[in-house]
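Asks: Chains A and B supply the protein sequences, listed in that same order. First residue of the first sequence: 1326, per my numbering; consecutive thereafter. First residue of the second sequence: 40, per my numbering; consecutive thereafter.
Warning: the hint list may mix true and false statements.
[Said to hold, decoys possible] Derived pair list, reagent style EDC-like, types lysine to aspartate or glutamate, alpha-carbon separation capped at 16 Å:
no., chain 1, residue 1, chain 2, residue 2
1, B, K258, A, D1628
2, B, K214, B, D128
3, B, K258, A, E1686
4, A, K1653, A, E1715
5, A, K1363, A, E1552
6, A, K1653, A, E1552
None of these hints come from the bench; they were simulated from the model.
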Amino acid sequence: MSGQSTYHFKNPAVRWLDSRLPIISAMKVNALDFPTPKNLNYFWTFGGILTLFLGIQIVTGLVLAMHYTAHVDQAFNSVEEIMRDVNYGWLMRYMHANGASFFFIAVYIHIFRGLYYGSYKAPRELLWMIGVVILLIMMATAFMGYVLPWGQMSFWGATVITNLFSAIPLVGEPIVQWLWGGFAVGNPTLNRFYALHFLLPFVLAAVVFLHIWALHVPGNNNPTGVEVKSNKDTVPFHPYYTVKDFLAVIVFLIVYAAFVFYLPNYLGHTDNYIPADPLVTPAHIVPEWYFLPFYAILRAIPDKLGGVIAMFASIGILFLLPWLDTSKVRSAAFRPLYRQFFWILVLVCFGLGYLGSQPAEGGYVIASQILTAYYFLHFLVILPLLGLFEKTKPLPGSISESVLSKDKGGGPTDGGGGTVAAAAASAPEKRG
Amino acid sequence: MQKGCDPAGGAGRFGLSPGPFVAKNKAFSRKRSGAEGAERAFADQYFGDLDVAHAHTDTEEPTRRDFLYIATGAVTAVGVGAAIWPFIDQMNPDASVQALASIEVDISAIEVGQSLTVMWRGKPVFIRHRTEAEIAEAEAVPMSDLPDPLARNANLPESDPATDTNRAHAQGEAKPEWLLMIGVCTHLGCVPIGESGEYDGWFCPCHGSHYDTAGRIRKGPAPRNLDIPEYEFVSDTLVRVG
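Given these sequences and hints, build the entire structure.
Replies: Below you can see the structure in the form of structure tokens.
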């Protein structure tokens, strides 16, 4: 990012360029030679997968934009024309629609990886918070994109979500009309959503750049949560992690392709193939699957403003997470109690997702309320207290130690603390 | 003036490299140095004879310089605000949207027990020809049973209670057999389904709000009774909404 390059390039053209704009050496420092902990597992490949999917969404989205018409009378038909008439239009649209879903699959795995290994703790708080901003921009982008085909779910999803803002006291109603550009969701709404849906991915790219920048200051966390202590703990990003990321990308793309080609509408909702009708609300409105847990939280609270606040708070609380978790130990591998609560939280999120897809009545509402309460309890009560009372396992002396002990078959798969330290102590020559 | 002003003030305030201007400032700044020196140099040059600049030290009264600094900032803030406002206001409902303010509907064909839904300002408006039983049911509800005690009727003062008469009230007259409401659930904007729900009125399928035969919220997350738009009976068979 700054300063003079210490690289010496043989090629005079490269040298000429790099001494004026050190872009080549910046690439070498931050991409190729970047020292990366040598024990990263496959959960660390999702950052790369996410970057790729942002690219896929931008490229397929640009193609769709060339054929789409943002007008209430023509939007639905223009999407059908993309599907039937435009060369490979069906492929572009299915890649884009399923790309959004797989983008969210990857980002949720990425987030839960951060939760499990304590990647949000000092000195990576800002990195984590930028990540939460990315999540919010992703959600806004996905929501507006879903409105564009102007089917029934598009229209009524847009109506329900924009109406969330009407819960704000006093200024709620003017804000909603301002968002709509009318007295209901209509043509002005569709037009501005299209413009913003086109813009936001580029904003996202810029924030992703900040995210990677903030990552490259402290460097990667790793499965032990122990900081890098010497060169022996790291390997250069290339070729070690370029290859590892590449393999993960291929596997992930295979699953993605299976959906694009064989189950293209599986993750969507059939009602969105009915043109939008402002006079008839579908009997059962659900958002896209990746919003279901938040939708369940919204409906769990019997008060309109309260529900909206709870839903936004469920994401907002992530901003405070670095300070709510009081434990000094990062990785759940050495936190026996936190590990259990982590998996309970995962189950709770899946549970909320299921409840969000069910009608808001009877037992479903009560279950949503219990799970919503637990969700907040996890962050506001369990995490602060765990740090005070949990007895953590001993940490390995360094990343190298934990890796080498595994080579000798010294410990369980997770790098369990005690055996690691013992194994390392018994093989001091290997510690270098 | 520009020539002397910009390099001196700019270099000091923004920490830029003084570059060639240092030498130039030296002529004015006498024994002072650095950023303050540069500013002083400027002050000496242009206000030196007013004695104002010389009264300035780090802890004393605000000077002409401070005043200019704050005034410039304030004018900039107002200017930026004024420039941003058109970019915000352009998103509000435009003239063509607001022009669709009123419609007239022929209600002669709506039999007792039937409803008509018309579009007004992009929203559905329910026009229901209520049965005697529905009116009686709505009238029998004690006010204490209503989560929202207000009529929410644009034809009446805001504080009027949600009695059945006030709900079925047009401009100037109440016609209990006709109920006109904006068919938008006050929770999150879905269109409720007629003649259903636990109170024989409307039921919103999205999040389970129940409205009674006067369109008043009785159960569920919706905070308000269904809104009633301005409307008046032009004749016995013609109603104007808006």
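Asks: Compare the structure with the hints numbered earlier in the document and write down the numbers of the violated ones, lowest to highest.
Replies: 2
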